[in-house]
Structure formats: structure tokens, C-alpha cells
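> Sequence:
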Amino acid sequence: MMELNHIKYMVLCKLPYYGRKIINRFMNGFRRRRNESLASKLEDIRNLLIYNHPVSQVPPATGKLRLLQEGNTVLLALFARKCRENGLRYWLDYGTLLGAVRHRGFIPWDDDLDASMMRPEYDRLLELLPSLFPREEGFTWKRHAFLQIGYEGTPLNIDVYPYHFYSESLVSPEQHGSLDRRLTAFKKDVVLVDGRMNMTDDQIQQKIRREILEGKDPAAEEDTPGIFLSPAITFTKNTHLPYETFFPLGSMEFEGMKFSVPNHARQYLQFFYGDYLSYPDRIQFKHPSVKHMMEHVPFETAVNRFIDVYGKQIDMSQS
Numbered sequence: 002m003m004e005l006n007h008i009k010y011m012v013l014c015k016l017p018y019y020g021r022k023i024i025n026r027f028m029n030g031f032r033r034r035r036n037e038s039l040a041s042k043l044e045d046i047r048n049l050l051i052y053n054h055p056v057s058q059v060p061p062a063t064g065k066l067r068l069l070q071e072g073n074t075v076l077l078a079l080f081a082r083k084c085r086e087n088g089l090r091y092w093l094d095y096g097t098l099l100g101a102v103r104h105r106g107f108i109p110w111d112d113d114l115d116a117s118m119m120r121p122e123y124d125r126l127l128e129l130l131p132s133l134f135p136r137e138e139g140f141t142w143k144r145h146a147f148l149q150i151g152y153e154g155t156p157l158n159i160d161v162y163p164y165h166f167y168s169e170s171l172v173s174p175e176q177h178g179s180l181d182r183r184l185t186a187f188k189k190d191v192v193l194v195d196g197r198m199n200m201t202d203d204q205i206q207q208k209i210r211r212e213i214l215e216g217k218d219p220a221a222e223e224d225t226p227g228i229f230l231s232p233a234i235t236f237t238k239n240t241h242l243p244y245e246t247f248f249p250l251g252s253m254e255f256e257g258m259k260f261s262v263p264n265h266a267r268q269y270l271q272f273f274y275g276d277y278l279s280y281p282d283r284i285q286f287k288h289p290s291v292k293h294m295m296e297h298v299p300f301e302t303a304v305n306r307f308i309d310v311y312g313k314q315i316d317m318s319q320s
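According to our numbering, the stretch in the sequence shown is residues 2 to 320, in order.
Read the hints as simulated data drawn from the structure, not as lab findings. The beta carbon of each residue, even a glycine, is placed where N, CA and C say it ideally should be. The reader is advised that the hints may include incorrect statements.
What the hints assert, rightly or not - Per label pair, the in silico range of CB-to-CB distance: (1) 85 to 245: 34 to 40 Å; (2) 60 to 268: 27 to 33 Å; (3) 241 to 26: 49 to 55 Å; (4) 243 to 64: 38 to 44 Å; (5) 309 to 26: 52 to 58 Å; (6) 141 to 259: 33 to 39 Å; (7) 129 to 288: 25 to 31 Å; (8) 105 to 268: 17 to 23 Å; (9) 306 to 149: 17 to 23 Å; (10) 241 to 141: 29 to 35 Å.
As the list claims (entries may be wrong) - Cut-off 16 Å, straight-line C-alpha distance, at most; resulting in silico cross-link-like pairs (EDC-like, lysine to aspartate or glutamate): (11) 83 to 124; (12) 313 to 71; (13) 313 to 296; (14) 143 to 124; (15) 65 to 86; (16) 65 to 296.
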């Protein structure tokens with residue numbers, strides 16, 4: 002009888018534990034089925050859009066995202082004006098260039114800006130930052146492997162990337178191979194210097210990208226116009242592009258204003274994105290930091306104030 006009571010007692014003690022396991026297993030299965038159902042619905046929506054609504058005809062964003070895009074448009078126009086006044090060449094790049102070509106403005110789900118410059122002008126911009134975008138006026142800037150310019154209390158942001166010239170001799174396959182070997186050696190050196198062999202590939206690539214963009218790689222010392230390397234280096238694909246792809250710079254409409262773009266913008270987008278006139282496999286609505294601000298920070302007043310103050314300082318018809 003004592004043993005039977007002991008067994009009953011042990012079973013009762015274990016019930017909460019096994020109960021939790023059963024509930025957790027049920028909930029995990031429910032979440033998995035829900036996510037699979039959501040993914041299936043999103044794929045159905047994507048297919049419906051592809052066959053019935055060209056990506057170039059997707060309506061503009063609305064609400065807080067549209068307000069953010071309007072504020073970023075003013076920031077871009079201000080950036081372009083300051084570059085022009087100081088003889089600094091820039092061009093729209095990546096998602097912003099794609100938006101200009103495909104939508105004549107922001108990609109409807111985009112939340113920031115991308116621009117690029119040649120390294121000498123990028124360095125000059127860094128020197129001028131305190132006077133062009135004073136912190137005391139609310140501007141913020143961070144330097145990583147690229148430059149980020151923003152405005153305090155808001156998710157406004159423009160990423161500025163430096164490009165490097167390379168000599169014409171890098172056109173040959175032999176020289177391409179030599180460059181790849183130098184980059185591979187550089188990758189090994191970075192790991193050895195750090196003394197850390199457990200860095201992930203992403204961490205290694207980020208560090209190498211930062212080193213190269215800061216001009217520490219000997220291949221970045223070439224300054225003869227010809228072939229140059231985009232900052233989106235991955236070590237899995239040559240990103241050496243002809244000088245004529247970018248220069249002389251052209252112009253294109255973006256949100257009702259004219260901005261500088263690469264000479265052969267469409268060929269560049271084809272190189273970088275492939276079929277850039279189609280829907281992407283994954284629609285990324287927000288960067289994590291922007292998503293956080295949009296969900297938790299009431300930034301509307303600050304963005305509207307930025308538009309009111311700096312929108313008056315720019316010619317909205319010409320940038």
C-alpha cells in the first residue's frame with residue numbers, strides 16, 4: 002500500500018512536467034503549421050501580383066512608411082545639394098537606384114537611401130561632415146565600412162558607399178586571378194592577425210570589406226580609371242566593372258526630383274540584381290532598426306519638423 006501511494010505521489014509530481022512538454026509540443030506544431038500556412042499565403046499573394054500587377058505599378062507606401070520616405074527624400078536632396086556645392090560626385094545606388102529606374106521613386110517597401118562615391122570624394126566628404134551635417138543641428142553620422150547620415154530621433158538614413166578605381170590591367174583573367182589570390186591571402190591574414198580561427202564567414206567578410214574600403218588593401222591603391230571594385234565584395238563573385246558603366250554620370254527622376262545615376266544604370270542593375278523588373282523572392286519591408294522605431298518610437302513629429310525646416314532650403318525641382 003505504501004509503495005502504491007508512493008507511485009501515485011510520483012505520478013502527481015511529474016504531471017506538471019509532462020503536461021508542459023505536451024503543451025509545448027502542441028504549441029510548436031501549431032506555430033510550425035501557422036508559419037507554413039502564412040508562407041503559403043504570401044507565396045500565393047506574390048504569384049497573384051506577378052501575374053496580375055507588374056512590380057513597377059505597385060502603389061506607393063502609405064502611413065508612417067510613406068512619411069519616412071518623404072523625410073528621406075528631403076535628406077537626399079540636401080545631400081545632393083551639398084555634394085554639388087562642394088564638387089563631390091555621387092550617384093544613387095542599390096535599392097534607391099532600382100527605385101529610380103523601376104518606380105521613379107522609392108520601392109514601395111523600402112525604408113532608407115543608398116548612394117555611392119569614388120574613394121577620393123568619399124574621403125573629402127568625411128572631412129567636410131562636421132560643417133555639412135552639423136551634429137548641433139541634429140544630424141547624426143556613423144562610419145562603418147560605409148557612411149551613414151541620419152537625423153536624431155528619426156529613422157531617416159542615407160548610406161554612402163565608397164568605390165575604388167582599378168587599373169586597366171585587371172581586365173585580363175590572369176590579373177583577375179591574381180587579385181582574387183591577393184584577396185584570399187588578405188582574408189587569411191586578417192584571421193591570423195586577430196588570432197581567432199572561429200570567425201564566421203560573414204564576420205570575416207565584414208572585416209575584410211571594412212579593411213578594403215578604408216584603403217588598407219594594396220589593390221585599392223590603383224587610381225587609373227578603368228575597372229573598379231564595388232563595395233559589395235563577397236569573394237564569391239568578381240565585381241570589377243568598366244569605367245563607362247558609371248561615368249559620365251547621368252541623371253534620373255526620383256520622387257519628382259533629378260539625381261545623379263550611373264551612366265548605364267540599367268545594365269548595372271542587371272549585373273547586380275539579375276531580373277530587376279520582377280518581384281524579389283523576399284519582400285523586406287523594414288530594416289530591423291527602422292522596424293523597431295516604427296513600432297515603438299513616435300517619430301512622426303520629428304520627421305515633419307525636419308521636412309518643414311530643411312525642405313525650404315532645397316529646390317525640390319532640381320537636385
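> List, from low to high, the hint numbers that the structure doesn't satisfy.
Hint check: 1, 6, 13 and 15 fail, others pass.
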